Structure formats: C-alpha cells, structure tokens
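Visitor: One letter stands for each residue in the lines below.
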Amino acid sequence: MNSAPTDVAAPPVATALARRQFLKLSLSGGALVATLPMAWFGQAPAAVRAAAASGFDPNIGLFVRIDPDNRVTIGAPTPEMGQGVFTSLPMIIADEMDADWAQVTVKAMPLTLRAVKEGDKVSDVADKGVDFAHAYQGAGGSSTVRFNFTLLRQVGAAVRDRLLRAAAATWRVPVTELTTDKGHVLHAASNRRLPYAKLVEMAIRLPDADPNALALKPNDKFTLLGTYQPSKEGRDIVTGQPVFGIDQEIPGMLHAVLARSPLFRGDVKSLDDKAARAVPGVVDVITIKRSWSGQQRPLDSDVSLHGSVAVVATSLWAAIKARNLLKIEWVSDFTHESTSFQEKEMHRALEAGATALAERRSGGDVDQAMAAAARRISAEYSVLPLAHACMEPHNAVADMRPDRLHVIASHQFLDRIARSVAEITGADPLKVRAEGARMGGGFGRKAGADFICEAIHLSHLLQKPIKLTWTRDDDFACDTFNTASIQRIEGGLDAAGRLIAWDYKRSALGFGFQFGGTPGHMVPNFRARSFRHPDTKHGMSYGAWRAPGHNVSSFAVQSFIDELAHAAGADPLRFQLDIFGPDREIPNEEAYGATVISTGRLAAVLRLAAEKAGWGTPTCPGIGRGIACHFTFGSYCAHVVEIRVDKGRVRVLRVTSAIDCGTPVNRAGIAKQIEGGALDGISTALRLGIHIEGGQVVERNFDTYPIMRIDDAPLHMETHIIDSTLPPTGTGEVSLPPIIPALTNAIFAATGKRIRQLPIADQLMA
Amino acid sequence: MVKFTVNGSTRQFDGDPDMPLLWYLREEAGLKGTKYGCGIGQCGACTVHVDGDAVRSCDIPVSTLDGTRVTTIEGLAQGETLHKVQEAWLAEDVAQCGYCQTGQIMAAVALLAATPKPTDAEINAGITNICRCATYNRIRNAIHRAAG
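The listed protein sequences derive, respectively, from chains E and Y.
The C-terminal residue of the first sequence carries number 766 in the numbering used here, and the numbering is unbroken.
The C-terminal residue of the second sequence carries number 148 in the numbering used here, and the numbering is unbroken.
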C-alpha cells in the first residue's frame, strides 16, 4: 500500500488497549462474551443509539465467546483473501488465553468504526474523523498481523486473567498457584481442574484488570504461535460452502451487471438499449457518468464510478445477457494511449532529468565515486503493466434503504465500505453495517472502491437491494494495474571489484514506491531517482499490486547485482554479502513496515536459502541456479531457483526459500505465502504483461493472459523460517519481489542469456 | 423442457435455452459451490461432472443436458463423510483463498477415476485449472495422497 503513516515508530492506537478502555466481559445466554463495545471509544451516545435502532448491534466487536460446553468462538477481525489471517489472528488470542485450539470455531468480525478527534492517536486509514474502533480491519501492506499482534495478545491475556481470578475465588487459593492449559484452569497443589465454561459466571462479576499491566507470555511458552496449523475454513472451502462475496444474497435483491467504458476514463457517447430492455427480467437500464480520477488510493475520498451503463434485472443471467445486447459508443480523451506511447513517455521522462524528477534519495557522492571507478557497468530493465486477475470477479451486495445501510462485500478494507456509503448517500459512516466476505484473491485490487461504489450508487438510486457482479472481461478492461516501468542502473566497481557507486533511475506512469531502499545506504555512494513527466497525458488506471514498487525494483536491483558480480568475476552470493557489510541497520526512507533495514537479517536469509539449496555445489549440465533476496514491509526473504531451459521454455525445477518475518505466528500459513508469492512471481515473469492499443487494454481473459498452471510449477519447493522473537511482520508480499530475479539469474547461469525485459515469453527461443 | 439430475435429485428446466449450466446451478438451484471465473472455459473454476466426465459448466447450455446426470461439489460428500479427495485436500492444507478449489477437486476426482495412480506428468497434463494463488505443489501432493 502507498500510505505514509504519520507515526510508524509507535503502532496505530488500535494495536494496544488504551489505559481506560478495558475489555468487556459479559454473560450472554450462558456464554462468556468478550467484546470491545463501540461506546467505549469516544463514540457519541446518540450515534450508538442510532446504530442500535438501525438493527446494528453496537456491541459487535466479538473477540471471544466461551459457551457452556467449553467450546470457544474467536473473532477474526481482518478480511481474508487467502493470506491466512482468518486462522492466524485468532491463534494469537487462543494462545494467550490457553484455549484448546481443537475446540475453537472462528467467525469473521463485522466492521466497527469510531469517531476520532484532533489529537487522538489514529491508524493509517483514519480520515474525516473516523477510524477503526478496535482491531485494524484492513488487509493490505502486509499489515494485519503486524498491526494487531499486541492488541490480540492483550485480549487473550485479559480473558485468561479473569478466568484465573475466578478460579482463585472459587477455590479460595492464591492466583499464583494456578495455571491454565487447553481450556482449563488447574491447581496442581490440590489436583483440581475446572473448564473455563464453569468459571464464566464468577468471571464476569470480577473487576477489570488493566490490560496494559497484564504480563504476556514469553515466546518460549507459546503453545500455538510458531506451530503449523491448517486453515480453520478448510472444510467449508472443500465442500463448496457459500463463503465468498460473489455467493452472498439478501432478500429482495435485484442484479446489476454493467457495461463499462473499455476506453480509459471514457464515458457514454450514445446508447441503444432497445434490445437489452426487451430481455425478460430486465427492470432498468441506467447510464452512469464517470466520477473518478481512475487512480486507486487507499484514502480515496472520491466517489469511484466508471463511465458505464448498468443493466438491472431480476436474475443474473438476464442482466448478463441484456448487458451484452447494449449498443454503446464510448468517448475518451485517451485513445492515443498505447504500449509504445507509454514506453516513449517513460524514456522521455528519464531523458528530461530535473524537470521530470519526482523523488530522490542519496548518500555520499555518487558522481565523484563513479568518475573514480575502475569499471562502470550499466543496464536497463523494463516491465509491462500487470493485471491483478483475482480469481473471484468483483462484486458487492448493497442495501441503501435508510433503515438498512447494509453492505456485504469481499473487500480488503472494511472502512472503505462505510466511507463509500457516506460519500454517496450522505449517511453517517458510523451507522453503516459493513460485512466482509471471504475474497477469492485480493492482491491489492480488492482495496479499490469502484465496485463498492457501483453497488451503493445503484441501490441508493433505486432504493432497492442490489447485487453487483463483474464479468472477467470487465475485470481486465477496468483493472487498476501495476504500472509499466523502466529502470536504469549504473554501478561503479573499484580495482578490487568492490561496489563503490550505485546510480539508479526509474520511470513509471503510476504509483509504486519503495524503489531506493536496497541497496541504498549499504553502498557508500548511491543515488536513487524516480522520474515522471508532468505533462504526460495518459489515462490508464493504477493501484496497489502485490508488493507495489518492490515487485519490479527487486527484479532490477537483484539482477544488476548479479550482473556486477559476474563482471567482477565474483560469486553472486559472496558479492552481495560484501555489499551488506557488517550487520547494521540502514535507514528505510519509505518507512513503511519498518524505519530501518537490517543488513544482518537480510544476509541471514540469503545465507540460509543458499545453504539449503546447496549453493556452490556443482549442478548437472544445462541446469542453472540463481539467487536473490529482498526486504519488503518489515520482512526479509531470499530464494534460490534452479531451472533448465527446454527448447526455449523455462522449466523451474526447485525453489528453496528463506523467510525472516519476526516471531512466526502460523508456520503453515507462512510457508503457503512464501510458496504462493514465489509461484505468483514465476507466473508473472514467465508470460504475463498487459498491452494497450487505442486507449484500451488488449488482453481481456485468460486465453490471452496466461496465468501459470500446474505444469509450470516446480516439483520441489521448501521454505525455511528463521526462528525469531522480534515483532511479527507480514508474509503476503515479501516472497514475490526476489523470486523474479532469482529466476532470471538462474536463466543466465543456465544459458548465458540475460533477461532484462519482462515477461520472458519467447526470449529464449533459439 | 429439459430433465436431468443434479446430485441425484431430478430437475426440470424450461427457461432460457442459452443459459449456461453454471448459472442454473448457482442462481436457479442455489448451489454456490461451483464458481464463476472466466466464462469462456479457460480457468476450470466451474468444473462439474456430467455423466461422470469433468466439464466446464460456464460453456454448456442447460438445454443440452436432457437425460444427463450432473454432479457438483455439493454431491461429493456422503452426509458428513467427505470424499477421499476432499479429505486429502484438508490433510495437505491446500487452499489459500479457496475460490478455485472446488473446481480443482472436481477435476482431480475425474482424473483419479480415469487414472487411479497418476504420475506427476499425468497430473500436469490432466489438471489444467488455474489457481491464482498458485497452490499447485500442494494440489499435486493432495492428488498423490488421495491416490494412495
């Protein structure tokens, strides 16, 4: 994500229970319920009453519920898109409260927001006086575990503390003589034990303890954190339960399918809807004027609507059929835009120098050092735009009748849903009932507001519940793409073959940050500059794509380091370790995820991957190994990739990965993210790229955008997780950036051919 | 009027003859387990069995199904007892987002019916479903586990 948090040294307020805002434990139907009510966070009483009147339970914020049979329900606060937080975040609570994980059921928590005022400490999505009420309920930027870790531990600790004191009171023994284990309190001295459920009535009568004064478990006492736990939603998935956004329904809903301008930032010029209206089941055909700049920003306050025509019908099939019968002429100011236009503009920005300079970082004196270098090497790397292609086409269900204000959507940021309702209807965002459904992939795309706004807009207009569904063609035409980019790097080596100067230039048309962090200050004389020409007239939409910026900067940086190593006649592993130098922390100027980059931690993952992959041992003829590492959002990852090239086609044989994400929460989940990110990067590098012609996207479905299938996946993948007690950082994104250069470095090792343009596609055909 | 069975129960359909089986299942029959991914038979998220063969339901008009036997993901388990492929999927903890997985499972069941102990090469050739999260190595492991 591209947010620049106001204070990254201290976590957002939601990460730790404030001194006077205690966990509330209550009895409900014989069950102990632990919640953080909205009312506690400076929420005006009137708003709480209004929320209750709208049918929305103001006490929703369920973290823990202990039922009379001792089964426990734990709330999963953050949206799930396959990154495993539905399982990993509840593990944090469960471990601290010593629940029996086998007896735990997980339920997704709906959104709760609170009003904030000037001077309050807020999260990085706080806007217009509104912020998350307790847990950070957004999923992006590899942030969910990082932001929620301490809060969730305190919740678990507070529940356990209350149960211990309840047992102490029941048995009349000092609380210091008691322990907890798998849902029971034990008194070893008298050989007594009680299940939590039996302590509930006593527990709720006891006074609160200050959650900030409660001791949290030392890492060596963890029973769940750091173990391998399968997904809690596994059974629902394999039996086809309707858990995704696209599966949701509410009574009385109509279906909406839109024809959106395929031309960038286009609008309807003329419309013939006669044939569409004649399809049985069609209720209305509505033209929507574009009201959106087309750039997806996390705090986007714009109402995000494409220029489009909406078909509203009583069935989804009727809406699709009728939409395809619309005859529409589109108009756009960007029909000149094409792949070659974009390429020319990026080159123009690079040549323009100062007038196009957007950002810059530096250290030492790169011009002087370069002039004194014994050898200077340079290379240019280019990447096409990339589509997200989430497996689940976008969708939302919205009911904007004033007494409902209800949205169900598979979306990455639940607050975005409430804000969009507020922008479009004028309603108070705190009165919105926003429920997140499981996403069939997110990758940054499902943080966009457009599909949410479409459903809300139509429901508000028609005063009926609306279910909006995108088709796959819509998804490709109207994505918020990963920007194309050109990166140029020049390196200067001294007489001994050491890197003494690094000059990096980048040009891209959309946002994407984190370009200068590595090697950055590791090199005594470096400069990193980003260029964008201010008068470039281009309309393509951009947004966050798995590890934005990093996903292409690592390709250039780690490929170039490999090129420098070969130029110096050095082993690439040794050469890169020399750049890192002694273990030290260098500033991370983008400051997202961490304010420093630790060369020691980066070196450790590089060494671990190398060791486990047998780096330096002989390979069979025709087989090449490549190595790369990267730092993203606080985590460190390295890969060694082994490949061979078979009649111009790359065969990936083995991927060996190392990850340092601080304290591991769910080792099974970490392994899945590292594997998945690696294969995503391989899929991307092999064949993927979006082309533009006449101001629209050329590729519209998987027949022309060939996402990897099983026959390209290596037979051997292994992930090695660094044991750490440092605060946990995310794993959803960090694996992708370095896999691409590890792959292309392996191709060089196997064939002597250096890949500098992505995708690889036919470049290796003889 | 088209008559066919879905997971053993008889259905009748006399709606739009163009309607693909996928939308019949999801919207008319309320069976949400079969997923929409691309609409052009490329991704396999919509995979069901028609008379035992794995087919892509987004591409098949309901009107062509007279007299056939359709099986969806909802028809694999016997009550609470999961199919051995579903069990293998859980044991290998395959899913990430999970959206493509029912289609993968239906494709795997059909593959194993035709090739009870497939090699990696046979799995590679026999399963062409897309997984955007790329859970492929675990899919392979699950198929080997189910094959026994």
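There may be inaccurate statements among the hints.
[Said to hold, decoys possible] Cβ-Cβ distance ranges computed for the label pairs, FRET-style:
#1 Y:T115 to E:T704: 54 to 62 angstroms
#2 Y:S63 to E:R401: 48 to 56 angstroms
#3 Y:D59 to E:A766: 35 to 43 angstroms
#4 Y:G8 to E:N324: 30 to 38 angstroms
#5 E:H716 to Y:T10: 24 to 32 angstroms
Think of the hints as simulated: they come from the structure by calculation, not from any bench.
In this text the structure is predicted, and so the values were computed from the model without any measurement.
Cβ atoms here follow ideal geometry from the backbone N, Cα and C, with glycine treated the same way.
Visitor: Can you let me know if the beta-carbon spacing of H716 of chain E and T10 of chain Y is within 24 to 32 angstroms?
Guide: 48 angstroms, violated
Visitor: Holds or violated: 48 to 56 angstroms for the Cβ distance of S63 of chain Y and R401 of chain E?
Guide: 38 angstroms, violated
Visitor: Does the Cβ-Cβ separation between G8 of chain Y and N324 of chain E fall within 30 to 38 angstroms?
Guide: 34 angstroms, holds
Visitor: Is 54 to 62 angstroms right for how far apart the beta carbons of T115 of chain Y and T704 of chain E are?
Guide: 31 angstroms, violated
Visitor: At the C-beta level, are D59 of chain Y and A766 of chain E separated by a distance inside 35 to 43 angstroms?
Guide: 37 angstroms, holds
Violation of the numbered hints given earlier is confined to hints 1, 2 and 5; the remaining hints are satisfied by the structure.
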